[in-house]
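The chain contents come next:
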Amino acid sequence: MRNSGYFRDLYVGGKSLIIGLGVTLKTCFLPIVTVQYPREKLDITPNYRGHIELVRDAETGECPCIVCGMCARACPSGCITVKGEKKEGEKKKSLIEFKLDFTKCSLCGTCVETCPKGAINYSQDYNIAGFTKEEFHYDLIKRLEEKG
Amino acid sequence: METAGNLVLLRMVIAVVLIVAFVFLNALIMGYLERKISARIQRRPGLMEVGPHGILQLLIDGFKLIGKQLIIPKDADRFLFRLAPLLSFVPVVLPLMVIPFSSKLQGRDFDIGLIFILAISSLNVMAILMAGWASNNKYSLFGAMRSVAQNISYEIPMLLSLLAVIFMTNTFSMQGIVQAQNKIWFFLVQPVAFLIYIIASFAETNRAPFDLPEAESELTAGYHTEYSGMGFSLFMLAEYANMFVVCSIATVMFLGGWHGIPLPFGEYSNAIWFFMKVYGLMVFMIWVRWTYPRTRFDQLMNFCWKYLIPFALVNLLVTVVLVKLL
Chain A
1 MRNSGYFRDL YVGGKSLIIG LGVTLKTCFL PIVTVQYPRE KLDITPNYRG
51 HIELVRDAET GECPCIVCGM CARACPSGCI TVKGEKKEGE KKKSLIEFKL
101 DFTKCSLCGT CVETCPKGAI NYSQDYNIAG FTKEEFHYDL IKRLEEKG
Chain B
1 METAGNLVLL RMVIAVVLIV AFVFLNALIM GYLERKISAR IQRRPGLMEV
51 GPHGILQLLI DGFKLIGKQL IIPKDADRFL FRLAPLLSFV PVVLPLMVIP
101 FSSKLQGRDF DIGLIFILAI SSLNVMAILM AGWASNNKYS LFGAMRSVAQ
151 NISYEIPMLL SLLAVIFMTN TFSMQGIVQA QNKIWFFLVQ PVAFLIYIIA
201 SFAETNRAPF DLPEAESELT AGYHTEYSGM GFSLFMLAEY ANMFVVCSIA
251 TVMFLGGWHG IPLPFGEYSN AIWFFMKVYG LMVFMIWVRW TYPRTRFDQL
301 MNFCWKYLIP FALVNLLVTV VLVKLL
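In order, the protein sequences belong to chains A and B. Residues 1 to 148 in the numbering used here are what the first sequence spells out, letter by letter. Residues 1 to 326 in the numbering used here are what the second sequence spells out, letter by letter.
Don't read these hints as lab results, they were simulated from the structure.
Computed spacing ranges between beta-carbons, pair by pair:
#: 1; chain 1: B; residue 1: ALA119; chain 2: A; residue 2: TYR11; range: 35 to 41 Å
#: 2; chain 1: A; residue 1: VAL23; chain 2: B; residue 2: ASN302; range: 23 to 29 Å
#: 3; chain 1: B; residue 1: SER217; chain 2: A; residue 2: ASP139; range: 48 to 54 Å
#: 4; chain 1: B; residue 1: ILE14; chain 2: A; residue 2: ARG8; range: 50 to 56 Å
#: 5; chain 1: B; residue 1: PRO45; chain 2: A; residue 2: LEU21; range: 20 to 26 Å
#: 6; chain 1: A; residue 1: ASN47; chain 2: B; residue 2: GLN42; range: 28 to 34 Å
Facing chain B, a subset of chain A residues (Cβ under 8 Å, in silico):
#: 7; residue: LEU10
#: 8; residue: GLY20
#: 9; residue: LEU21
#: 10; residue: THR24
#: 11; residue: THR27
#: 12; residue: CYS28
#: 13; residue: LEU30
#: 14; residue: ILE32
#: 15; residue: VAL33
#: 16; residue: THR34
#: 17; residue: GLN36
Non-contacting residues of chain A with respect to chain B, defined by C-beta distances greater than 10 Å in every case (computed):
#: 18; residue: VAL12
#: 19; residue: HIS51
#: 20; residue: GLY61
#: 21; residue: ALA74
#: 22; residue: LYS86
#: 23; residue: LYS91
#: 24; residue: LYS99
#: 25; residue: LEU107
#: 26; residue: CYS108
#: 27; residue: THR110
#: 28; residue: TYR126
#: 29; residue: LYS133
#: 30; residue: HIS137
#: 31; residue: LEU144
#: 32; residue: GLU145
Ideal placement from N, C-alpha and C gives every residue a C-beta, glycine not left out.
Produce the complete structure using the sequences and hints provided.
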């Protein structure tokens with residue numbers, strides 16, 4: 001049997017056209033699958049790598065940072081500044097400044113991996129926008145306090 | 001005598017004003033329906049922002065287009081470039097004058113109504129060619145050339161299919177053709193002619209799957225590539241009004257015009273049936289557009305010359321023989 005011919009083409013073509021109309025008609029009554037972004041938002045996956053932030057220890061409620069400076073040294077872009085001081089009567093240094101220059105950060109995550117105490121983690125912020133560079137110089141201690 | 005003449009003139013003026021207003025309204029409705037239906041077929045909600053379910057979006061778009069600057073390309077033929085959109089808009093408004101919306105609602109009933117519509121609406125091709133030529137842009141010219149070739153080819157099966165109905169009614173008057181269908185609508189008697197007419201009208205209005213003159217992926221936008229603001233929107237208005245005209249011809253010739261379930265004040269209110277049929281056909285055109293991919297140019301021509309014209313001719317012959325015998 002031949003695969004094409006005058007009337008055969010007409011029949012096969014016509015049939016496929018009607019099937020096509022059926023497909024789109026059915027699709028027309030299926031529910032909408034797109035997310036209307038500013039009105040509704042999807043939950044961010046926990047694997048999402050935003051900029052880094054300090055975390056609290058689950059038991060003590062304090063930030064476990066020991067101001068070793070490993071993260072600042074590991075950072076290939078040099079965008080982390082950590083400062084600490086030894087307060088009176090305490091055995092170890094305590095954190096007084098932890099700044100992130102997010103304009104330089106390449107989100108490589110080396111700082112998170114090197115931290116011996118697990119004091120840094122990725123945040124879930126994804127829709128970040130600003131008008132000046134300074135808006136992306138984050139003071140992570142302040143952020144931690146604001147988060148409560 | 002003179003007052004009668006003045007009344008006819010007044011009637012024509014009122015009809016023209018109403019029809020131009022309707023052409024704009026039609027573009028709003030069709031633009032909205034097109035975007036909503038295409039969205040539903042692609043499983044997204046479509047217009048949602050301006051007004052409830054976005055119904056005012058097209059109005060806002062209209063204001064935006066009116067406010068836009070009219071840019072004329074450097075080496076364009078300035079006079080023809082400005083003339084083309086107007087020339088494309090006028091021939092689609094004129095046919096609406098003789099379309100019978102109901103037995104009383106009609107600008108004017110000509111004895112040669114159908115010939116008038118077909119003659120006037122074929123002028124649209126010239127406006128498109130003019131726009132393509134005057135833009136001095138290769139994409140515009142390609143689009144215009146394609147449009148002309150396509151429109152001329154598809155006019156033949158279109159006319160042949162309409163002729164089959166004319167042989168049965170013995171009149172070119174639109175009102176007469178509608179009245180001939182008070183017993184049976186002609187798409188039941190002439191299914192082949194109806195199908196051929198519908199296919200040819202897709203090509204005549206440059207709608208998908210025959211939208212080669214405006215093929216975005218190859219020609220940016222075809223003949224209206226260089227147009228901005230109201231120049232562009234006149235082409236869009238003309239396109240939607242043209243859709244309305246071809247669908248009204250289909251309704252008058254095959255779907256019984258304003259015939260339907262009788263209503264009170266039927267001489268006027270039967271227009272509801274007419275509009276329902278026309279918009280039904282237009283929604284079908286939108287549905288087809290968002291279902292099929294674009295044809296290649298050789299496929300387009302093959303389909304016309306190998307299938308539509310022979311079938312239309314055979315159909316015409318059979319009709320003539322049957323009309324003579326019965």
